[in-house]
Amino acid sequence: AQTVTQSQPEMSVQEAETVTLSCTYDTSESDYYLFWYKQPPSRQMILVIRQEAYKQQNATENRFSVNFQKAAKSFSLKISDSQLGDAAMYFCAYRSGGGGSNYKLTFGKGTLLTVNP
Amino acid sequence: DSGVTQTPKHLITATGQRVTLRCSPRSGDLSVYWYQQSLDQGLQFLIQYYNGEERAKGNILERFSAQQFPDLHSELNLSSLELGDSALYFCASSLHPGQGSGYTFGSGTRLTVV
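Chain order of the listed sequences is A and B.
For the record, in the first sequence the residue sitting at position 96 is 96 according to this note's numbering, with numbers rising by one throughout.
For the record, in the second sequence the residue sitting at position 88 is 88 according to this note's numbering, with numbers rising by one throughout.
Next up, chain A with everything else stripped away, as it sits in the complex (with noise of 0.2 Å):
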């Protein structure tokens, strides 16, 4: 079973700073998927980036990249110039690119992110 882990239970930025939130994950399978989500205290779950695991390139989304590194099972998540608004919960995810029905996601624990001013 493929599992996702994030070893940074909380982390902080001042705004307009970068920060770096931590991913890993094991898997046996070549074709998947990986995802960020955030989740601000109003709790909705909104997709930040993705991440196809057969292309090479990082993703990149505005503000927000990946380091993508495939052989390490590695999936960081960026955030430059950080904003108030990017306080959150951020929640790294899987799902399998293959054959069969099995498409569901597996979130790691998270992390929370806090922006000082």
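Hints are computed from structural coordinates only; laboratory data are not their basis.
Please note that the accuracy of each hint is not assured.
Below, computed lysine-lysine pairings styled on DSSO-like, alpha-carbon distance capped at 27 Å [what the hints assert, rightly or not]:
1) A:Lys70 x A:Lys55
2) B:Lys57 x B:Lys9
3) A:Lys109 x B:Lys9
4) A:Lys73 x B:Lys57
5) A:Lys78 x A:Lys109
6) A:Lys73 x A:Lys109
7) A:Lys55 x A:Lys109
8) A:Lys109 x B:Lys57
9) A:Lys55 x A:Lys73
Listing some non-contacts, in silico: residues in chain B with all C-beta distances to chain A over 12 Å [to be verified]:
10) Val19
11) Leu43
12) Gly58
13) Gln67
14) His73
15) Leu81
Remember, predicted model here, so these are calculated numbers, not experimental data.
From the three backbone atoms N, C-alpha and C, an ideal C-beta is built for every residue, glycine too.
Chain B: place on chain A using the hints.
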């Protein structure tokens, strides 16, 4: 607004009772997924439906059941409720199972069992 609608937003009930949580997927989405979020277990996958059919089961208790109706809305039924069932229950949807663009989540139903 994500387009995935969950009702009710909050629910308080007593142990031993039965409740039904409702989810309307985003317009056009055929797949529905249910997740439970609790402090000790984190986000756990419960069950997935695609176009009315059950596709995958996760850590769903026998006291829990779900279904997806012809209009694609889904209901999660929780019975013989215990204190430990208190959690945030999320519904998510996607066009097809395994859609690589990710799933869209609703805002959840907060269930409190007293």
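Hints and how they fare:
Taken as a hint, the A:Lys70 and A:Lys55 pair is honoured in the structure, with Cα atoms around 10 Å apart against an allowance of 27 Å. About 24 Å separates the Cα atoms of B:Lys57 and B:Lys9, which keeps this hinted pair within 27 Å; it holds. About 23 Å separates the Cα atoms of A:Lys109 and B:Lys9, which keeps this hinted pair within 27 Å; it holds. Distance check on the hinted pair: A:Lys73 and B:Lys57 sit about 26 Å apart at the alpha-carbon level, within 27 Å; holds.
Distance restraint check for A:Lys78 and A:Lys109: the Cα-Cα separation of roughly 18 Å lies within the 27 Å cut-off, and the hinted pair is therefore satisfied. For the hint linking A:Lys73 to A:Lys109, the alpha-carbon distance of about 17 Å falls within 27 Å, and the restraint holds. Between A:Lys55 and A:Lys109, the direct Cα distance comes to roughly 26 Å. Compliance with the 27 Å bound is thereby established for this hinted pair. Taking the CA atoms of A:Lys109 and B:Lys57, the gap is near 21 Å; set against the 27 Å cutoff, the hint holds.
For the given pair, A:Lys55 sits about 14 Å from A:Lys73 by alpha-carbon distance, which is consistent with the 27 Å threshold. For B:Val19, the non-interface assignment is confirmed: its Cβ lies about 19 Å from the closest Cβ of chain A, beyond the 12 Å cut-off. Distance check for B:Leu43 against chain A: the nearest CB is about 4 Å away, which does not clear 12 Å, and the non-interface claim fails. Against the 12 Å criterion, B:Gly58 falls within the reach of chain A, whose nearest CB is about 6 Å from its own CB.
Non-interface call for B:Gln67 relative to chain A: holds, since the shortest CB-CB distance, roughly 17 Å, exceeds 12 Å. Residue-level check passed: B:His73 sits 19 Å from the nearest beta carbon of chain A, beyond 12 Å. Distance to chain A confirms B:Leu81 as a non-interface residue, since its nearest Cβ pair spans about 21 Å, more than 12 Å.
The structure is inconsistent with the numbered hints 11, 12, although it conforms to all the rest.
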